[in-house]
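*Asks:* The letter at position 194 of the sequence shown is residue 205 when you use my numbering, and the numbering goes up by one with no holes.
FYI, nobody ran anything at the bench for these hints, they're computed from the structure.
Treat the hints with care, as some may be off.
[What the hints assert, rightly or not] Straight-line distance between alpha carbons at most 20 Å, and here's what the computed SDA-like set of lysine to any residue pairs gives:
id, residue 1, residue 2
1, Lys237, Glu176
2, Lys84, Asp122
3, Lys84, Leu132
[Claimed, not checked] Each pair of labels, with its calculated beta carbon distance range:
id, residue 1, residue 2, range
4, His181, Tyr16, 27 to 37 Å
5, Leu54, Ala26, 14 to 24 Å
6, Ser242, Gln136, 37 to 47 Å
7, Tyr48, Tyr173, 42 to 52 Å
8, Lys89, Leu109, 16 to 26 Å
9, Lys89, Tyr48, 40 to 50 Å
10, Pro183, Ser242, 22 to 32 Å
11, Lys87, Asp226, 34 to 44 Å
12, Asp91, Arg45, 46 to 56 Å
These numbers come from a predicted model, not from an experiment.
Where is the CB? At the ideal position from N, CA and C, for every residue including glycine.
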Amino acid sequence: MANNYYEELLENLKALMQQQEYQKAYDLVVEELRMPYVPAHVLCELESLEVELEQQLKVEKKLPLLTVEEIQKALKGKPDEVYQALDSLGKSNIRNYLEPIQEYLINPQSDRLVVSLLLELCMQQQVSTPLTYIHQATRYTVIPSEMRAPLADDTLQQAWQYMGELFENHNPSFLQQCRQVLIQYAYLEYPQSIVDDYLTMSYRIVKYMYKLYDDIEGWNKFALAKGIDSSRIEDIVI
Numbered sequence: 012m013a014n015n016y017y018e019e020l021l022e023n024l025k026a027l028m029q030q031q032e033y034q035k036a037y038d039l040v041v042e043e044l045r046m047p048y049v050p051a052h053v054l055c056e057l058e059s060l061e062v063e064l065e066q067q068l069k070v071e072k073k074l075p076l077l078t079v080e081e082i083q084k085a086l087k088g089k090p091d092e093v094y095q096a097l098d099s100l101g102k103s104n105i106r107n108y109l110e111p112i113q114e115y116l117i118n119p120q121s122d123r124l125v126v127s128l129l130l131e132l133c134m135q136q137q138v139s140t141p142l143t144y145i146h147q148a149t150r151y152t153v154i155p156s157e158m159r160a161p162l163a164d165d166t167l168q169q170a171w172q173y174m175g176e177l178f179e180n181h182n183p184s185f186l187q188q189c190r191q192v193l194i195q196y197a198y199l200e201y202p203q204s205i206v207d208d209y210l211t212m213s214y215r216i217v218k219y220m221y222k223l224y225d226d227i228e229g230w231n232k233f234a235l236a237k238g239i240d241s242s243r244i245e246d247i248v249i
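Build the full structure now, drawing on both the sequences and the hints.
*Replies:* Quick look at the structure:
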């Protein structure tokens, strides 16, 4: 029972950190460290998390919430300034910043990944105001509160599972890289769904990875083993 408790505790802490709930995670760690007994292996991990969370909370204190004008300027700035803008928006009522967000979304020169991240933040905060963005030179208007999460795409989930079946047992590092590309591609398409079926999407990513390593022979062997017509698998652009 004790082992289950600590396993659940550590899983909860990881989940809180993934959700950027650093203060809640820190309070939970401190509370647990005050207990009269903590198993040695758990104690070590909790103390490590305490240090990590203390550093993260210091960073948060150094990143005050930005004004509308500061958000507008930061989104046009360097990558670290864009990150600060996204971080600030995630902690704010994003409805107060829709004007600079909309301005960024319809700028043809905007970073497509940042466009997706802004739309995701609006979706997470259930913004019901229509927003217009540009994707491949075409304008689209969406209502964020009606959008799905980027990783909830059906094709992504099926391709994620299928690539696991292909590589998890004999090449897990290659699998991890394929899945990272899959996530990146999904974000670059968001909020639109992935058009390809999961098999085509999986093979496009596998082909991309083989070509990234300049291993055309490896791709040809893979395609032959799977009975794939290589010429029908279009290159993916990331």
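*Asks:* For every hint, state whether the structure bears it out.
*Replies:* Quick rundown of the hints versus the structure:
no.: 1; hint: Lys237 with Glu176; in the structure: 13 Å, holds
no.: 2; hint: Lys84 with Asp122; in the structure: 15 Å, holds
no.: 3; hint: Lys84 with Leu132; in the structure: 18 Å, holds
no.: 4; hint: His181 with Tyr16: 27 to 37 Å; in the structure: 36 Å, holds
no.: 5; hint: Leu54 with Ala26: 14 to 24 Å; in the structure: 20 Å, holds
no.: 6; hint: Ser242 with Gln136: 37 to 47 Å; in the structure: 45 Å, holds
no.: 7; hint: Tyr48 with Tyr173: 42 to 52 Å; in the structure: 45 Å, holds
no.: 8; hint: Lys89 with Leu109: 16 to 26 Å; in the structure: 23 Å, holds
no.: 9; hint: Lys89 with Tyr48: 40 to 50 Å; in the structure: 49 Å, holds
no.: 10; hint: Pro183 with Ser242: 22 to 32 Å; in the structure: 29 Å, holds
no.: 11; hint: Lys87 with Asp226: 34 to 44 Å; in the structure: 40 Å, holds
no.: 12; hint: Asp91 with Arg45: 46 to 56 Å; in the structure: 37 Å, violated
Checked against the numbered hints given earlier, the structure breaks only hint 12 and satisfies all the rest.
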